[in-house]
Amino acid sequence: MVLSEKALAERFGEVVLPHLGDALALARWLTGNAADAEDVVQEACVKAHAGISGYAGGNARAWLLTIVRNTAYTWMSRNRSRGILAVGDLGDLDEMAAAHGTSLPDEDGPEASLIARADTAALEAAIAALPPPFRETLVLRDINGLSYREIAAMLGVPMGTVMSRLARARGLLVSALGRAP
Amino acid sequence: MTMHDDGLPNDPEGIRLMIHALVDGELDAAAALAVERRIAADPQLAAEHARIIALRGALGRLPRPDVSDAFRARIAALGATATARPVQDVPTQDEAAGPLRGTPPPQPGLIAGAPVGGGQRRNAETRPSQTRALPRARRFGSFDWRALAASIVVSAVLASGATQWVMVDNASDSFAAGVASGHRRSLLAASPIDIVSSDRHTVKPWLDARIGVSPPAPDLAQDGYTLIGGRVEVISDRPVPALVYRHREHLITLVAEPQQGGSTIEPADLSSGGFSLVHWSDGAFSYWAISDMERPELDDFVARFRKAAV
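So the protein lines, in turn, are chains P and U. The opening residue of the first sequence carries number 1 in the numbering used here; numbering runs sequentially from there. The opening residue of the second sequence carries number 1 in the numbering used here; numbering runs sequentially from there.
What the hints contain is simulated information worked out from the structure, not anything from laboratory work.
Using C-beta positions, here's what the derived DEER-type ranges look like:
#1 P:A125 with U:D300: 41 to 47 angstroms
#2 U:P296 with P:N79: 40 to 46 angstroms
#3 P:A34 with U:A41: 41 to 47 angstroms
#4 U:E249 with P:A34: 27 to 33 angstroms
Quick look at which bits of chain U chain P covers, simulated, 3 or more residues with Cβ under 8 angstroms:
#5 17 to 27
#6 53 to 62
#7 67 to 78
#8 201 to 208
No experiment lies behind these values; they were computed from the predicted model shown. Each residue gets a CB set at the ideal place from its N, CA and C atoms; glycine is no exception.
Build out the structure end to end from the sequences listed, making use of the hints.
Here it is as structure tokens:
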């Protein structure tokens with residue numbers, strides 16, 4: 001069935017516009033700054049608009065964020081030197097996480113109250129310092145609010161990988177905040 | 001460690017993942033109950049649980065990027081243009097939300113199918129805004145933009161005349177012609193700017209990152225000239241930075257051509273036919289200010305810009 005132009009335009013308004021804040025947040029954490037995030041989201045929205053007839057219901061936020069993520073990586077490979085993008089082998093990273101990253105911390109993990117009091121700047125710096133695959137998973141879950149299943153589908157990885165990356169990312173944040181004065 | 005037969009993993013790594021899943025609302029009732037029992041029986045797990053909850057809380061309080069009215073209007077405007085065509089980066093529905101091929105079966109106790117848990121909470125937040133989205137989008141679509149569009153149509157007519165004048169009467173000065181046609185193109189384009197920001201600390205780095213130069217971009221909002229963004233013009237085969245200011249309904253394009261050891265030139269009037277173009281130089285940049293404003297108003301802008309850009 002071919003939808004009319006008007007129907008497609010309305011669908012674009014319903015599917016894309018409510019999630020611009022989420023889209024900017026994801027792009028901001030993937031690219032590292034807010035100005036680039038607007039560029040990426042605008043480009044993603046052009047693609048979303050062009051592909052809106054392919055959207056057939058389901059979680060609109062997850063659909064848009066998938067486009068934003070793909071666009072962000074295309075954008076970065078176009079606008080940044082390779083050095084910035086090199087993140088090492090993802091498989092190694094996950095193995096590393098499984099090997100020694102996620103064992104239970106000893107009894108002297110930081111107090112929960114210390115984490116709860118963490119200030120914005122310290123938390124943002126800790127997120128920025130995460131290795132990209134961990135950061136991406138954490139942002140999709142804790143900032144964009146996607147489910148494990150949606151994240152697994154978006155990243156094309158098994159759900160167990162999402163779970164271990166998320167646990168690893170949170171563990172790194174907890175220890176970073178625990179070290180903060 | 002005591003062995004449990006509650007169906008949960010018995011290794012520390014596995015149980016830890018289950019605590020995260022509990023906090024994320026990804027567990028069904030039976031598994032959640034079992035994990036809660038383990039937490040209640042083990043102070044270390046309880047501390048870990050408390051840390052994860054505290055972290056989630058701190059992350060939830062992080063400021064969200066604001067979607068500026070201008071940005072929302074630009075995106076809303078996309079909805080009203082162009083024809084849909086297939087694009088590579090856009091996932092099909094199966095890829096975006098469907099089950100993942102080759103994914104192992106979900107962990108025991110994980111609720112199959114989304115959305116669940118935290119997702120539910122977020123959905124509850126976004127649902128009302130989805131129903132509001134359309135009227136809101138329309139409002140933003142017309143906000144400020146209709147007035148601007150009206151000015152753009154008028155300016156475009158004037159600008160086309162001016163361009164012709166520049167090309168005919170100043171044929172030797174192709175740079176001026178480039179400035180004029182760049183301004184005209186910008187008025188016809190969906191957005192007159194590539195980077196929308198009233199913050200010079202955003203515009204300057206953006207220009208720096210693209211072409212390695214950025215002119216002074218003083219904030220003249222108090223004088224009635226609002227910096228609304230910037231773009232890159234290509235004039236005489238060279239990329240040059242351009243700032244865009246707004247004065248009431250008029251747009252001012254300020255092209256700044258970098259100079260090497262250039263001399264200072266006082267503002268010179270190159271205007272004609274109701275279309276204003278002023279050229280001056282401060283030694284570092286050669287400036288071209290063009291607008292459909294009256295000449296005295298553009299002179300006022302130039303004077304304030306020169307004063308602020310020192």
